[in-house]
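Asks: These protein sequence lines map, in sequence, to chains Y and L. Here my numbering runs 1 ahead of the position in the first sequence, where the first position is 1. Here my numbering runs 446 ahead of the position in the second sequence, where the first position is 1.
Treat the hints with caution; some may be incorrect.
As the list claims (entries may be wrong) - Lysine to any residue pairs mimicking SDA-like chemistry, simulated, CA-CA at most 25 Å apart: (1) L/486 to Y/192; (2) Y/382 to Y/609; (3) Y/382 to Y/407; (4) Y/232 to L/512; (5) Y/407 to Y/369; (6) Y/374 to Y/101; (7) Y/374 to Y/469; (8) L/486 to Y/191; (9) Y/292 to Y/340; (10) Y/382 to Y/326; (11) Y/382 to Y/416; (12) Y/232 to L/486; (13) Y/374 to Y/298; (14) Y/374 to Y/420; (15) Y/232 to L/516; (16) Y/593 to Y/556; (17) Y/232 to L/477; (18) Y/374 to Y/14; (19) L/486 to Y/188; (20) Y/382 to Y/400; (21) Y/382 to Y/501.
No lab work stands behind these hints, which were simulated from the structure alone. Predicted model only: the values in this text are computed from it and were never measured.
Read off the chains here:
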Amino acid sequence: MDELLEQFLIEGRELVQQVSEDLLTLERDGLSPARLDSAFRAVHTLKGSVGLFDLAPMGSALHAAEDVLDAARAQQLGADRGFLDPVLACMGACEAWLDAFERLGALPASALEQCRQLEDALRRCLPGARQAAGGKTAPATSTGWAAALAATQAEAVVAAHAAGLAVTALRYLPGVDCFFLGDDPLALIRGLPELIALRVEPREPWPTAAEYSPFACNLCIEALSTATEEKIRRVFRFVPDQLALAELPAAVASAPRAPDGGGEVGARMLRVDTTRIDRLLDVVGEIMVAKNTLAGLAARVAAIDAGLGRALADNQITMERLAGDMHRAVIGMRMVPLAQTFRRFPRLMRESSAELGKPIDFQIHGDEVEADKAVVEGLFKPLLHLLRNAVDHGIEAAPRRTAAGKPTIGQVTLRATRRGHQIMVTVQDDGAGLDPAVLRAAALQRGFGTPSAIEALDDAAALNLIFAPGFSTARTVTSLSGRGVGMDAVKAAIEEMGGRVSLISEPGHSTSVQLLLPRATVITTVLTVQMGEERFGVPIEAVTETLRLPVTMIQPLGSGEAFVSRGRTLPLLRLSTLLGLPPTQRGGTIAKLLVVACGDGLVGIEVDGFSERTGLLLRPMSGLLVGMAGMLGTAIQADGRVLLILDLPGLIG
Amino acid sequence: MSVNLEANCIQLLGDCPVGDAEPLLALLQEAPGRAVDLTKAGTLHTAVVQVLLALRPEILGRSSDPFIDRWIAPLLPMQRSG
């Protein structure tokens, strides 16, 4: 993609987000001048960038939004916050237009009419005088000239942006008769501060030499400057009507900058294509694997020459530490706060709430938790679906809530917590909940199994029916959810990222959907366990302790077995059973157990043996194996063999 | 007079005001192969530059005026060896 366009899309979305946040804060906390300023500046910057592309309707809608915010800043709108709605609607439209522009390279056909309505709604907020003038407001001077200019002068633009400078494009069309009037257009350009590029083209094709008139100016002068708009305008103060300006979107965006002095912040940030980081990560991963062979090598050398072996082992430990540091640093570069996705939801929830006429209080917790960029971005669609579901199907209509003795305002909460190498994201609502009986009935009606199989499902399994492809309990299809993407799509999206989905519901009170996802591919310390001929890895964090227990201490309990550890009776499971392997005979007098946390309690898992702990690069399951229950991923061992890494809590279910 | 013809080369001398556009044009129309020497030129009026842009004579030498040399010369068919 064109670099300029790419930057515009990134910055455009950030600005839309900034305005949305400012407006929601204004709505919640009252009109504060600082927030109004921030929103105004962001809209202004966005409008400027939009002018570079063929986005005229978007430009004029933003122009109207800018006027409204400007009037609000000047306290011409009084204490009335009615202007927030149309400006928010405008931001929603802009976001959709940016998506469409990225996808299609143009605005959708409906944009023109939508923009007209937005503009109308916005201008109605303005005091009478300005509203009347509104119709005559010059349309945004959006043409492709600035983008074309920037494209031909990309080197100068990139260099200026790299230096943290804002670049303004200008187009100066001197009058045909300007030489007669005593103008010298290039003399103005000569006086232009901080000129970084100049293009001079004929407005009309040059005539033949014989027909050339030395008295008619036929020039279109375009230039780029890093000076402020004000300084540029001052140069052209006698010919303002012949000048058009457009600010080029900055390469380094720190949404919305203060009018001056923003450059310093920008220069400290660097946007790097994620594929470059990924390449780096691949190399680091290979170093990690290569380094693992050193330990074996050191042991072999030690057998021949103890001193040399020790030296090599010391070296190997240093390498180990450095490679680990490097790996963490690179992983860290891909780590972004969940806020990058979460911050988009308040405005969307506000829209859903308004559309469905269900007042809600939407809370976000834990958005500072960091995860891999791919995970953070990949969460947007599934979470949007879950949140809309919560408003649409979870939260009851106000009369039903009142009848049930609940507050009229529904609660929807989005919460993230870090759990070691995983993150848990929960969407919870205090709505009607899901009734397992209703789900069973629906499953029966839609032929999702034989009556006996469906009747046999326990409540938790019945709730999980909602994730079955094509299963939906919605009675009516609203414009929000129920567009053919159901909970099965959510489940598929989360599993694709190596995560798991679960649902808890208290009929009449709440529904909570939990997403458990890996934060990233990370080095995991793995305990290798033996089961028959097979070896498996278990992340060390999953193991509370390892026990060697005389078999006499294992007691039958019901259909299973149990043992006493530290005064507590714990159930005992055999790994072979959990994995569906043929049962093995317990050999010897000592049983080897892993004690694992499962739910609120502990469980003992019997294995045939456990050996070393190693740091391995855990790769999530890919391809056909994605979503295989009980498997976290694979890792390559020092000897090059692949080790399956088990998710013990997942296996226990 | 800051437009001067020597051999088949038009010299621009010192600052060239708007009035120089017409004689420059006339010299170029007279014999299309003539080159223009900027070595001794100072500032050039837009009208003069426009003649050079439209008729595209070969340019010899570099102007001692930094603005012309940095920004205008690259727009012209320059022969840098002069």
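Asks: Regarding the pair residue 374 of chain Y and residue 101 of chain Y, is the alpha-carbon distance no greater than 25 Å?
Replies: holds, 23 Å
Asks: Could you grab the alpha-carbon distance between residue 374 of chain Y and residue 298 of chain Y and see if it respects the 25 Å cut-off?
Replies: violated, 37 Å
Asks: Measure nothing beyond the straight line between the CA atoms of residue 232 of chain Y and residue 516 of chain L; if it is 25 Å or shorter, mark the hint as holding.
Replies: The given pair, whose Cα atoms are some 21 Å apart, holds under the 25 Å limit.
Asks: Would the pair residue 382 of chain Y and residue 326 of chain Y pass a check requiring their Cα atoms to be no farther apart than 25 Å?
Replies: violated, 33 Å
Asks: Given the hint that residue 232 of chain Y pairs with residue 477 of chain L, test it: the Cα-Cα distance must not exceed 25 Å.
Replies: This hinted pair is violated, its Cα atoms lying about 44 Å apart.
Asks: Is residue 292 of chain Y close enough to residue 340 of chain Y, meaning Cα to Cα at most 25 Å?
Replies: Given that 25 Å is the threshold and the Cα spacing comes to 36 Å, the pair is violated.
Asks: Compare the distance between the alpha carbons of residue 232 of chain Y and residue 512 of chain L with 25 Å, and conclude whether the hinted pair is satisfied.
Replies: Between residue 232 of chain Y and residue 512 of chain L the Cα gap is close to 21 Å, so the pair holds against 25 Å.
Asks: Verify the proposed pairing of residue 382 of chain Y with residue 501 of chain Y, using a straight-line Cα cut of 25 Å.
Replies: Measuring from Cα to Cα gives roughly 15 Å; hence the hint holds.
Asks: Is the straight-line distance between the alpha-carbon of residue 374 of chain Y and that of residue 469 of chain Y 25 Å or less?
Replies: violated, 28 Å
Asks: Sort out whether residue 407 of chain Y lies within 25 Å of residue 382 of chain Y, counting only the CA atoms.
Replies: Cα-Cα ~30 Å, so violated.
Asks: Is the Cα-Cα distance between residue 486 of chain L and residue 188 of chain Y 25 Å or less?
Replies: holds, 19 Å
Asks: Keeping to a limit of 25 Å between CA atoms, is the pair of residue 374 of chain Y and residue 14 of chain Y held or broken?
Replies: The hint holds at about 16 Å.
Of the numbered hints stated above, those contradicted by the structure are hints 2, 3, 5, 7, 9, 10, 12, 13, 17 and 20, listed in ascending order.
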